[in-house]
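Sequences are here, hints too, so could you generate the full structure?
There are 2 protein chains.
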Amino acid sequence: MEIIDGKKVATEIKESIKKEVAVLIDSGERVPHLVAVLVGEDPASQTYVAGKEKACREVGFTSSAYRMPETTKESELLKVVEFLNADEEVDGFIVQLPLPKHINENKILEAISPSKDVDGFHPANLGRMIIGLPTFLPATPFGILKMLEYYKIETEGKHCVVLGRSNIVGTPMSLLMSRKAYPGNSTVTICHTKTTNVKEICLTADILIAAVGQPNYVTEDMVKNGAVVIDVGMHRVEDASKQSGFRLIGDVDYARVAPKCKAISPVPGGVGPMTIVSLILNTLKAYKKEVYS
Amino acid sequence: MEIIDGKKVATEIKESIKKEVAVLIDSGERVPHLVAVLVGEDPASQTYVAGKEKACREVGFTSSAYRMPETTKESELLKVVEFLNADEEVDGFIVQLPLPKHINENKILEAISPSKDVDGFHPANLGRMIIGLPTFLPATPFGILKMLEYYKIETEGKHCVVLGRSNIVGTPMSLLMSRKAYPGNSTVTICHTKTTNVKEICLTADILIAAVGQPNYVTEDMVKNGAVVIDVGMHRVEDASKQSGFRLIGDVDYARVAPKCKAISPVPGGVGPMTIVSLILNTLKAYKKEVYS
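Quick mapping for you: the protein sequence lines, in order, are chains R and Y. Quick note on this note's numbering: the first sequence kicks off at 1 and runs consecutively. Quick note on this note's numbering: the second sequence kicks off at 1 and runs consecutively.
Please note: incorrect hints may appear among the correct ones.
One copy or any two copies: either way a pair holds, since identical chains are not told apart in the list.
[Stated by the list, open to error] List time: in silico EDC-like cross-link candidates among lysine to aspartate or glutamate, alpha-carbon distance up to 20 Å: (1) Lys194 - Glu149; (2) Lys224 - Glu200; (3) Lys107 - Glu76; (4) Lys194 - Asp206; (5) Lys18 - Glu58; (6) Lys289 - Glu20.
In short, the hints are calculated from the structure, not lab data.
As structure tokens, then:
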């Protein structure tokens, strides 16, 4: 059994980007600039934005954050989006979700210029993914592709089962695994809350991608011997033995499932670190105008 | 075994739209206007555009066609697209594919205003489909949904197998069948040229949607008793007994498969008539500004 070490892959990618940025700096060029917009005080969002800022510093990007109060009006946020769309010194920006309830998230996402949408959430970029045009892929699916690639996981003709149909993970992941590319060319089954025989389907999976949002949902009786398992889940459970009082677990019952696997990504240290690195990769793409010229 | 009669469903939908248009005319309102742009002399495209014009006349829409020579430059076609984008008397327009090889199809498709993209091929509209926002669905998948709805085919929790991963049929169809809606909420498997065990997978299908582009690809040994089969294929085969010298067949070996089915759409008279009617429905949506206000 091989551990798919997202932290290691992420570190290597960041090292490589750092070198590329160092060359830019040496030649007196402007460096890539990522902006995060954060509305309100959601603690998870604050942690996530802090993580993004840290990753930017690590690779040498310029990073900045707009922190706006919970009471920000939709029209005010739209003005910030327009300002960032127009700012030539900003390569990419993200509006951290969730937004306060009085703001229409889709309206904000659609207002972001697709050329700066490094989260890959704009419909125009999701649509480009469907038809195979250059695009910014959503961070989590993009990170998973990078991990599969790094570990040279065979995907062609394999049966890939995706658990979960969210807009930002399950659905794009199922599309990407079925497209004519590597990683891809898999026969893909997407399961969700209305699926009646999840266990039976999972048992046929060569590659199982769990994005259900339920701790330890995937148990060892659901996994075929020799499967590759990617765990997208991330849950805090109380653990008195830890200084913090909690530990992180995923959607997969790792201890019991891992022995059956050919390869498996752990939580923490699997998909998580790859998600932020995807954002960095997308920002670099935006800087190089690789998606929109 | 029930025949899913696309011609009948299409006729009923057109009758209903015709009544709606008659009310508009009686009250002195402008009627919906669909424009088709046709570049070159491709016979299949000419037939298809003629079919669209006929359907428009049947329901009382205004229809017009721009017929441009094979030698039309990309820049000239882009000017026509811009003109149609700006024309307030045009509710929707389609640029008939395929285009001559010297023209970049994706560049043209992306130049069409999403608000007039009644073919539903613009990435922004495909992306809106992914995140469940109001959109123009691509005509063939939209037509299939309408047929399933008309025949009250149960889809929730069913296993839907889609054969083919094209941008305009297989891929959007798989997305639509898995989304949280009716028709939808199916567990969906998408198969393609790299799938190794198509027969085995098809045998587990409650709903089988064949869009492979190979005559009689789906044989009776691939279909479970009581399955619902939708045939998207359309092929001409020589037939001396016909006045035209040919007949149309689909991707499914209808004569042998039909007896096993709970319901099946024939070729011709199944998906085909629904595709044009979807375009009419999308044009009406554009006219009413139901997608973009």
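The hints, checked one at a time:
Proximity of Lys194 and Glu149 under a CA criterion of 20 Å is satisfied inter-copy only: 18 Å between copies versus 31 Å inside one chain copy. For a Cα distance limit of 20 Å, the shortest separation of Lys224 from Glu200 qualifies both inside one copy, at 10 Å, and across copies, at 18 Å. In this assembly of identical chains, the alpha carbons of Lys107 and Glu76 lie at most 20 Å apart only when taken from the same copy (13 Å versus 34 Å across copies). Taking CA atoms no more than 20 Å apart as the test, Lys194 paired with Asp206 passes between copies only; the shortest distance there is 14 Å, against 22 Å inside one copy.
For the identical chains of this complex, Lys18 and Glu58 are intra-copy neighbours only, at 7 Å inside a copy versus 63 Å across copies, given an alpha-carbon limit of 20 Å. Only within a single protomer do Lys289 and Glu20 lie at most 20 Å apart by alpha-carbon distance; the minimum there is 15 Å, versus 48 Å between protomers.
Of the numbered hints stated above, none is contradicted by the structure.
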